[in-house]
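Throw the hints in and build the complete structure from the sequences for me.
There are 2 protein chains.
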Amino acid sequence: MRCEFIAIGTELLLGQIVNSNAAWLGEQLALAGIDCLYQVTIGDNGQRMKDTITQALERSDAVIVSGGLGPTQDDITREVIAEVMGVDLIRDEEIAEKIRYRFESRGRVMSDNNLRQADIPMGGMPIPQMPGTAPGLICPLGDKVIYAVPGVPFEMKMMVNECVLPDMKKRAGLTAIIKSRVLKTWGQTESGLDEMLTERMAYLDEVGGATIAFQASGIEGLKVRITVKAGSEQEAEKALSDEEKAVREIIGEFIFGTDEETMESVVLDMLRQRNLTLAIAESVTGGMVGARLTSVPGSSDVLKGCIVAYASEIKYNILDVPEGPVVTPDAARAMAEGARNALGADVGISTTGVAGPSEQEGQPVGTVHLGLAIGDYIEAQMTQLPGDRARIREYGVISLLNFLRLRLLGRDANTPFAGKTR
Amino acid sequence: MRCEFIAIGTELLLGQIVNSNAAWLGEQLALAGIDCLYQVTIGDNGQRMKDTITQALERSDAVIVSGGLGPTQDDITREVIAEVMGVDLIRDEEIAEKIRYRFESRGRVMSDNNLRQADIPMGGMPIPQMPGTAPGLICPLGDKVIYAVPGVPFEMKMMVNECVLPDMKKRAGLTAIIKSRVLKTWGQTESGLDEMLTERMAYLDEVGGATIAFQASGIEGLKVRITVKAGSEQEAEKALSDEEKAVREIIGEFIFGTDEETMESVVLDMLRQRNLTLAIAESVTGGMVGARLTSVPGSSDVLKGCIVAYASEIKYNILDVPEGPVVTPDAARAMAEGARNALGADVGISTTGVAGPSEQEGQPVGTVHLGLAIGDYIEAQMTQLPGDRARIREYGVISLLNFLRLRLLGRDANTPFAGKTR
Numbered sequence: 126m127r128c129e130f131i132a133i134g135t136e137l138l139l140g141q142i143v144n145s146n147a148a149w150l151g152e153q154l155a156l157a158g159i160d161c162l163y164q165v166t167i168g169d170n171g172q173r174m175k176d177t178i179t180q181a182l183e184r185s186d187a188v189i190v191s192g193g194l195g196p197t198q199d200d201i202t203r204e205v206i207a208e209v210m211g212v213d214l215i216r217d218e219e220i221a222e223k224i225r226y227r228f229e230s231r232g233r234v235m236s237d238n239n240l241r242q243a244d245i246p247m248g249g250m251p252i253p254q255m256p257g258t259a260p261g262l263i264c265p266l267g268d269k270v271i272y273a274v275p276g277v278p279f280e281m282k283m284m285v286n287e288c289v290l291p292d293m294k295k296r297a298g299l300t301a302i303i304k305s306r307v308l309k310t311w312g313q314t315e316s317g318l319d320e321m322l323t324e325r326m327a328y329l330d331e332v333g334g335a336t337i338a339f340q341a342s343g344i345e346g347l348k349v350r351i352t353v354k355a356g357s358e359q360e361a362e363k364a365l366s367d368e369e370k371a372v373r374e375i376i377g378e379f380i381f382g383t384d385e386e387t388m389e390s391v392v393l394d395m396l397r398q399r400n401l402t403l404a405i406a407e408s409v410t411g412g413m414v415g416a417r418l419t420s421v422p423g424s425s426d427v428l429k430g431c432i433v434a435y436a437s438e439i440k441y442n443i444l445d446v447p448e449g450p451v452v453t454p455d456a457a458r459a460m461a462e463g464a465r466n467a468l469g470a471d472v473g474i475s476t477t478g479v480a481g482p483s484e485q486e487g488q489p490v491g492t493v494h495l496g497l498a499i500g501d502y503i504e505a506q507m508t509q510l511p512g513d514r515a516r517i518r519e520y521g522v523i524s525l526l527n528f529l530r531l532r533l534l535g536r537d538a539n540t541p542f543a544g545k546t547r
Numbered sequence: 126m127r128c129e130f131i132a133i134g135t136e137l138l139l140g141q142i143v144n145s146n147a148a149w150l151g152e153q154l155a156l157a158g159i160d161c162l163y164q165v166t167i168g169d170n171g172q173r174m175k176d177t178i179t180q181a182l183e184r185s186d187a188v189i190v191s192g193g194l195g196p197t198q199d200d201i202t203r204e205v206i207a208e209v210m211g212v213d214l215i216r217d218e219e220i221a222e223k224i225r226y227r228f229e230s231r232g233r234v235m236s237d238n239n240l241r242q243a244d245i246p247m248g249g250m251p252i253p254q255m256p257g258t259a260p261g262l263i264c265p266l267g268d269k270v271i272y273a274v275p276g277v278p279f280e281m282k283m284m285v286n287e288c289v290l291p292d293m294k295k296r297a298g299l300t301a302i303i304k305s306r307v308l309k310t311w312g313q314t315e316s317g318l319d320e321m322l323t324e325r326m327a328y329l330d331e332v333g334g335a336t337i338a339f340q341a342s343g344i345e346g347l348k349v350r351i352t353v354k355a356g357s358e359q360e361a362e363k364a365l366s367d368e369e370k371a372v373r374e375i376i377g378e379f380i381f382g383t384d385e386e387t388m389e390s391v392v393l394d395m396l397r398q399r400n401l402t403l404a405i406a407e408s409v410t411g412g413m414v415g416a417r418l419t420s421v422p423g424s425s426d427v428l429k430g431c432i433v434a435y436a437s438e439i440k441y442n443i444l445d446v447p448e449g450p451v452v453t454p455d456a457a458r459a460m461a462e463g464a465r466n467a468l469g470a471d472v473g474i475s476t477t478g479v480a481g482p483s484e485q486e487g488q489p490v491g492t493v494h495l496g497l498a499i500g501d502y503i504e505a506q507m508t509q510l511p512g513d514r515a516r517i518r519e520y521g522v523i524s525l526l527n528f529l530r531l532r533l534l535g536r537d538a539n540t541p542f543a544g545k546t547r
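Chains A and B, in that order, give the protein sequences.
Position 296, counted from 1, in the first sequence is what the working numbering calls 421; the numbers after and before it change by one each time, with no gaps.
Position 156, counted from 1, in the second sequence is what the working numbering calls 281; the numbers after and before it change by one each time, with no gaps.
FYI, nobody ran anything at the bench for these hints, they're computed from the structure.
One should not assume that every hint holds.
No copy is singled out in the list; a pair is fine if it fits within one copy or between any two copies.
Said to hold, decoys possible - Distance condition first, Cα-Cα at most 30 Å in a straight line; then the derived DSSO-like pairs of lysine-lysine:
| id | residue 1 | residue 2 |
| --- | --- | --- |
| 1 | Lys175 | Lys282 |
| 2 | Lys175 | Lys354 |
| 3 | Lys348 | Lys282 |
| 4 | Lys295 | Lys354 |
| 5 | Lys175 | Lys363 |
| 6 | Lys175 | Lys269 |
| 7 | Lys363 | Lys295 |
| 8 | Lys269 | Lys282 |
Structure below.
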């Protein structure tokens, strides 16, 4: 089945909004086994909308139109679809009642133009999910179909996931269950992972059952996506688990989490399981390590706090760093220990380095020392990070969290540290 | 002049990359006074590329194609454009030499397929700017024109700014200088600003010379963009300054910066001018205030540091907050003063609150207290912030920075504080 995506909105053409819906939808369609060959963006103009939808119907089996479903005079997607179908709009009284109720239940006065949203092209149906006041539409036309969904991302996503994709798969006769799992990796390049998994991927090409794909995620590392197709939910789940196991046997050391897990959620979970509390001392990252860990709900049972020692005297006075240069492994170690002592935690971690734009203490931009203190084990690791000020700092944060993660696992290529738990 | 933008790349259709080029280009074209009515995304497929470019030439005067200019077999934009033009590709020896030199000067071996990038459709010209190894193209076709630029954002932007837009304006006979300035506001809604500026905008509609437009920037507030058109650079600059003055007279109290300025850069500049140093105490924002201020190069001459007192005992022990509830105005004040004292700064600011998902100390999610200590002036402000955990925290950060900004200006609707400088 071929699908085409048409985004309606002058604000998209003017660049006032980035069309992130297109990327999201593209990914969902690909995962569902549906081809999407064209994405088109046009403004709120009747003739251009009509021409574009008509052309899309000629070259695709299904068309998803987003936007133009609101209550204002600009919003003409309903009218244009009715025109393309050659039918009238009929007011759906059930939907009209829902819209009236939404306003009344919030004590707001409803202007009559809101009821335009209850108009449905004859032969079409409203999409049952209705997170906002604008209902979506399913409009069959011969053996083809037009779907209309709002441009608001969360409304669009709910309707696509719960109605449009299942309907489209049914029409396409796609009965197979497609499921995927993302394995998140850190510390290996795409070509490195590709090389390690070449044999496995060649094997899968031959026997089928699953596919493996890579997806770069910027500073967050590389995702390895396993996708399986099966006759039932249960079979799909088993195939996923089997393939995950096989992949982990090959690149397991680089995998830090799956699906919704993040580096910060994984590190917090590991500390929690080991009954360890954490303290942070930051210099070059200026609070980003703390910000990232506290973005996870419930982080307060692990994280005691963080000292951003931006001025050197704070490092000396509060963290007991010996006076002298501060972009050094010694300073990183002292900071990790100082944070642990000052904040009364079991584990201390730290960053000190040079994010630029200019060098510091004779160290080049990108030099970042990571510090770690667990029990009697106090260590520093030096990294040379690429990119501009923002990237160096972001890389510094995730590098520090991964450093802590590996040590909690008792894993390191160079030192014999075997992890400590209380 | 009408322009159409065609983005080439299967990875865009699959949602592996968000098409942020489209938004950026849309904004540049609008600012240059060029209409863009269609944006189309297609994969690396010869026939579909040919069809789409041909259709674009029928309905637009200029077509910008991005992507497909690299050295691999997938990259066929050059071939397709030559086919649309009905001409052959000719190797440009000067470009070929440049490509060879790039490889040699980095000590890398060049495979021959890299020279494909030096092939130019007959009648076309390479774009002189060449930040990568893929040259862009200008290909006139009758009174229309096709531009080809790489998909890599920074390469695309350089070529568009320095070559494509000037060329397009020349072809369109657009000799007017168009210039714009962004005034960044915080603390007023779009409808509020719209109402305040209605009269001014009606006046401009009548007499011309400048236009005013609003652009929402999420938690960063609202941008007010002034755009002027004039015969010379000098006239444009004067018209901009005059209109900025007029707008500031109406909404000046909400404007915190212009163009590249940010809330954090403005606050740091104000502290620097007043010779004041800053200390931060954070709870609910977990390091985000520190992270945001230290994102500005040179912040170290103003910012001493930050204490993220996530656990209550850190608030009591290090910041001298009186034992008891910590989501209170008293705690916010004590934290601001405690940070100032502990870190030896002139000014202290603080956040304490509830980001959710669940309430705390009987306070609902979204409650955030901001604290401020300058000289003898110690104050707290309570805010009730909307959204989920991430948004509440982000709003908390910018609200705190704006709170400090207003106090440094000696401005407040409710208290008589008139600012202090040493």
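Going through the numbered hints above, which ones does this structure break? Give me the numbers in ascending order. Violated hints: 2, 5; rest satisfied.
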